Structure formats: structure tokens, C-alpha cells
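Visitor: Listed below, chain by chain, are the residues.
Number of protein chains: 2
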Amino acid sequence: MRRISVLKPVLVSNKERAGENRKFFDRMNSLVINIISSPGAGKTSFIERIVKNFKDKYRILVIEGDIKGQIDSDRLAKSKVDVIQINTLTECHLDAFMTAQALPKIKKKYDLILVENVGNLVCPAEFEIGEDFKLAILSTPEGDDKPLKYPLLFHLAKVIVINKSDLLPYVNFDFAKAKTGIKRENPKSIVYEVSAKTGSGFENFFKFLEKELGAKKKNKS
Amino acid sequence: MRRISVLKPVLVSNKERAGENRKFFDRMNSLVINIISSPGAGKTSFIERIVKNFKDKYRILVIEGDIKGQIDSDRLAKSKVDVIQINTLTECHLDAFMTAQALPKIKKKYDLILVENVGNLVCPAEFEIGEDFKLAILSTPEGDDKPLKYPLLFHLAKVIVINKSDLLPYVNFDFAKAKTGIKRENPKSIVYEVSAKTGSGFENFFKFLEKELGAKKKNKS
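Residue numbers (the numbering used here), protein chains in the order written: chain A, 14 to 234; chain B, 14 to 234.
Here chain A stands alone, though its shape is the one from the complex:
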């Protein structure tokens, strides 16, 4: 309760800083995606799939947000993609100020910047970082009721990826029910069902991403 009076000005000032970050990314002509999910929903595997598919055609950077350590950065290094690690330490999300600290480390132009936020379905949604859009990942073992229980992220995300479709035979997850919940929170959202483990279901998402990359380039040229 008492934190709200403090949090509001913080969010306003975060929004301003996010605007500055966005200008920086726009000058570089970079499409920036803020990827948010629970811990272990498959953010890193999802990014690995994007890198594998697009790295020969587009210049890609991953900004890796973790409370502590660099387990995912080490993983992604194997994909031969550029990675900048941000450790948030006491904070449960990336905000625009932490993201700004990464900007001086960006030494060349990238077409695509994938930001892997801290694993948390709640707090990261509140903080813009200068992204073009948010992409939420929901994994099937988490359950089809999550869009109704954690509405803010599903309300704000342009794209919602349902991951771990390979586990569907072993978990109680009703895709139609999840999609109804998502559409209730966010009728305009685009929903994809994939397995980052097996690679299935990515064709349509890759088409979408290719189009977004093209649109971003066109806007700025």
C-alpha cells in the first residue's frame, strides 16, 4: 500500500528513460523485443531458435537480464551471438535505467535486439525499457489459467508464445482455454504455439518476425 506513492514517480521517470533508450535503438534502426516469462518457461531456448534461424541474414544482439550469474549468457555464447549481461542483483526485473547502462557497450549496429528479462511473470511487465514490443512466453506445464491470474503482462504483450507444446500429452493444458483467457485480456495479441525444444511451430512466428524486421527497416530508411 504505502509503496504506491513511491512507485508512481519511479514509473514516470522510468518511462522517460525508456523513451531515451528507444531513440537510441531507433537511431541504430534496431528492432527491440522485451521477452518476459516465468522462470524456466524457455526464454533462452526460444532465443536460441531465433538466433539459429536469422543469424546469417540479420545482425543480432542479446541483452541478458539475470538477478545473479551468467548461466544463460554462457549458453548463448555457444550460438555465436553477441551478448551483453546485466545483473539486477536486488531487483526482480529490468528497468529502463538498467537497460541504459548497457547502451555504451553496444559498439555496432544490430538489426534485432532480443532482451531476455528476469524470469518473473509479474514485475517486468510494469517497466518499459525502450522496446518496440513485449513478447510473453507461457509454457504448457504452468497451466492454462495463467493469463487470468497474471493479467498485466498478457494485456501488454503484442505477441504471446505458448511454449513446450512437446509436453502437451503429459500436462493438463487446454490450448483453447488459454487462448480464450489471453484474448479476454488482449484481443489484438498474436498467439503462437511452439516447442523450443523440438523446433516445431516456429514457421509462422519466423514469418511474423521477418515482417517486423522489414517494417522497422522501411520506417527508418
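Note: identical chains are not told apart, hence a pair may lie in one copy or across any two.
Cross-link-like lysine-lysine pairs, in silico, DSS-like; alpha carbons within 25 Å at most:
no., residue 1, residue 2
1, Lys192, Lys210
2, Lys118, Lys81
3, Lys190, Lys81
4, Lys220, Lys201
5, Lys190, Lys210
6, Lys81, Lys192
7, Lys196, Lys81
8, Lys81, Lys201
9, Lys171, Lys81
10, Lys93, Lys65
11, Lys190, Lys91
12, Lys118, Lys36
Just so you know, the hints here were simulated from the structure itself, not pulled from any lab data.
In this text, all values refer to a predicted model and were calculated from it rather than measured experimentally.
With chain A fixed as given, assemble chain B onto it according to the hints.
Guide: Just chain B now, kept in the frame of chain A:
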């Protein structure tokens, strides 16, 4: 960064309020467990197993923390257990003040109070609510690296439950590696491996809980 100067006094004042809550629970002779995990790790199913096993012998109350809605309360009502719902709205965790709001609704004595915190592996760990101990649930699809990536909860929890053992054949989860990570953060923690879905692995946990319930009664009589 700028939030730290605010957060510290909030945490101090939360700790004081948690002490008051604890006195209230102690007067009732209630064992209070603060159950924390990612969204969809199986908190509600885990609670259902406890209720099923102990409800004829002990008086049980569930305090249900959710940002919005009462999906889990409705589920638990089917187990014929008393439930108090707290909606945290803008907050990503339960704190001692929100928990205090539930106290006037507690109209009889309970032996066991199970608090299902908001699904979030990060923030709830920071806020004492007056519990006897924290119990963390980690589910196998989340991955065995989570104790190192989200260390605070695993550092503070007395009991760590690895849930969804039924999915082990289908996910990359190394129980030994997870346990090594947990023990590095918290050598004294007690670790159980269960499937709340099938019910397997609960025998040892139930023995532990029975002992804790007995000790609590003994302390206060």
C-alpha cells in the same frame, strides 16, 4: 537503484508487522507455512495433497494470495478446507500488512495455516509475513539451474520441494545438479522430490510435517 532507499525502511516496518502476525499465530498455536514458487509450479496441487492427508486429524486453513481473481480458492473449496482469499492487485507478493488484513477473518483455531503466496520466484522471498518457515517449490520443467539463478528464496526456505517428478522422463532436469545448487545456497535445507499430480514421494514430507505440527503443539502447551 533509487528504490533501495525506500525499500529498506519498508522491509524494516514489514518485519515488525510480521512479528505481530507471528504472535497472533502463536497464540492460536498454529504452524504457519509460507509457500512460494514460480507461477504454475504446483502450489495449489501440493496444498490439496496436504489437505487430503491431514484434514481428518488437524484443523487446516489456507490463505490464498493472488494478484487478481480466486481461481485457486474455488479449486480448494472442493477439498472442503477453509480458505481466505487475499488479492494483492498491484503487488507481486504478499507482505506482512496484507497478511494482517486476513487476521480478523480467522474466527477459530487452526493447527496448520498454509499460505499460498503469489506465483513469483523472486519478490515474495523478501517479505516475511509471520510464518514459521518458508517452503519453496521448484518444478522439474523449470530446469535444474534455478537455485543458482534465483538464490534468495532457496537461501531462506527451510524446505524445498521438487515437484512434477512425473515429468522427469520428458524434461531436462538433473535432480543431483538441482540438489547441489540448493545445498550451495542453503546447506541446512530439507529437500523432497514429489509429484503432486500422482501423489508419489509424499510419505517422507508428511512425516516431516507431522513432526513439525507436534513440535509446535508441544512448544506452546
